[in-house]
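Undergrad: For the protein sequence lines, the chains are H and X, in the order given.
Its first residue numbered 19, the first sequence is counted upward by one per residue in the numbering used here.
Its first residue numbered 273, the second sequence is counted upward by one per residue in the numbering used here.
Don't read these hints as lab results, they were simulated from the structure.
Heads up, some of the hints might be wrong.
[Unchecked claim] For each label pair, taking beta carbons as the anchor points, the in silico distance ranges come out as: (1) H:Lys20 / X:Arg352: 41 to 49 Å; (2) H:Tyr89 / X:Val284: 39 to 47 Å; (3) X:Val296 / H:Arg78: 27 to 35 Å; (4) H:Asn40 / X:Leu356: 17 to 25 Å; (5) H:Lys74 / X:Gly288: 45 to 53 Å; (6) H:Asp76 / X:Glu290: 40 to 48 Å; (7) X:Val284 / H:Lys85: 40 to 48 Å; (8) H:Leu64 / X:Glu325: 21 to 29 Å; (9) H:Gln49 / X:Glu331: 32 to 40 Å.
[Claimed, not checked] Footprint (simulated), chain X over chain H, 3 or more residues, beta carbon under 8 Å: (10) 46-56; (11) 62-73; (12) 115-127.
Glycine residues also receive a C-beta, built at the ideal position from the N, C-alpha and C atoms.
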Amino acid sequence: QKEVEQNSGPLSVPEGAIASLNCTYSDRGSQSFFWYRQYSGKSPELIMSIYSNGDKEDGRFTAQLNKASQYVSLLIRDSQPSDSATYLCAVNSKSNTGKLIFGQGTTLQVKP
Amino acid sequence: EPEVTQTPSHQVTQMGQEVILRCVPISNHLYFYWYRQILGQKVEFLVSFYNNEISEKSEIFDDQFSVERPDGSNFTLKIRSTKLEDSAMYFCASRLDTYNEQFFGPGTRLTVL
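The shape of chain H in the complex, shown without the other chains (with noise of 0.2 Å):
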């Protein structure tokens, strides 16, 4: 089982919809999730972190977690063509060092 999963798409949507980001993760002791835009050629871009279970919003993003279930998603309101960017689940690992385990990414297509 891959440490943190996540369908690679592409996801596309019109422009004005809601755009929803899956994300599943195997250690059940991870207490810290991120998710990241990357933009083609790019690094990597901190959206939202979340560390507890629940939604937490912020502007047209909500990110959402239940540990129960090991899942993690990311919510985009009103979508626009610049959101079009592969997004990145990441979990903090249970070493204690910080280092973060990324899933595949979702490439997301918002269509004009």
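Given the structure of chain H, go ahead and fit chain X onto it with the hints provided.
TA: Chain X only, in chain H's frame:
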């Protein structure tokens, strides 16, 4: 806003040559990391560094790799004898502690010919 910087942005080298990739982490951060991303693949952890020593390294980080914090600001990754398969984007990252947000630099694209 503070950011992680990396130089060079692109490095081309011949197989067997040594390369040094440089990073300046965010100034008050204490934990430093190198990751790499081969084209089309996921971001992979290489090494973590804290209190002037390696705290964890991956299987990828073999004897050809080394890291150093030569002064209070720079953090370097050295590859002693590059191989074709070392061609990748190398990202430096830093964070204040081991649980909060980790910020990435713009990356160095390493091409080994």
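Undergrad: Could you see if the CB distance from Tyr89 (chain H) to Val284 (chain X) stays within 39 to 47 Å?
TA: Cβ of Tyr89 (chain H) to Cβ of Val284 (chain X): about 42 Å, so the range 39 to 47 Å holds.
Undergrad: According to a criterion of three or more residues whose C-beta lies within less than 8 Å of a C-beta of chain X, is the segment 46-56 of chain H covered?
TA: holds (count 4)
Undergrad: Hint says 41 to 49 Å; check whether the CB-CB distance for Lys20 (chain H) and Arg352 (chain X) agrees.
TA: violated, 31 Å
Undergrad: For the pair Asp76 (chain H) and Glu290 (chain X), does the Cβ-Cβ distance stay inside 40 to 48 Å?
TA: For Asp76 (chain H) and Glu290 (chain X) the Cβ distance comes to about 43 Å; the hint holds.
Undergrad: Gln49 (chain H) and Glu331 (chain X), beta-carbon distance inside 32 to 40 Å?
TA: Cβ of Gln49 (chain H) to Cβ of Glu331 (chain X): about 24 Å, so the range 32 to 40 Å is violated.
Undergrad: Determine whether the Cβ-Cβ distance between Val284 (chain X) and Lys85 (chain H) falls within the hinted range of 40 to 48 Å.
TA: holds, 45 Å
Undergrad: Honestly, do Asn40 (chain H) and Leu356 (chain X) meet the 17 to 25 Å range at C-beta?
TA: violated, 35 Å
Undergrad: Closer than 8 Å Cβ to Cβ for three or more residues is the test here. Does the segment 115-127 of chain H pass it with chain X?
TA: holds (count 9)
Undergrad: Measuring from beta carbon to beta carbon, are Val296 (chain X) and Arg78 (chain H) in 27 to 35 Å?
TA: holds, 32 Å
Undergrad: Count the residues of the segment 62-73 of chain H whose CB lies closer than 8 Å to any CB of chain X, then report whether that count reaches three.
TA: holds (count 5)
Undergrad: Lying within 21 to 29 Å: is that true of the beta-carbon distance Leu64 (chain H) to Glu325 (chain X)?
TA: Hint holds: Cβ distance 26 Å, inside 21 to 29 Å.
Undergrad: Return holds or violated for the Cβ distance of Lys74 (chain H) and Gly288 (chain X) against the range 45 to 53 Å.
TA: For Lys74 (chain H) and Gly288 (chain X) the Cβ distance comes to about 48 Å; the hint holds.
Of the numbered hints listed earlier, those contradicted by the structure are 1, 4, 9.
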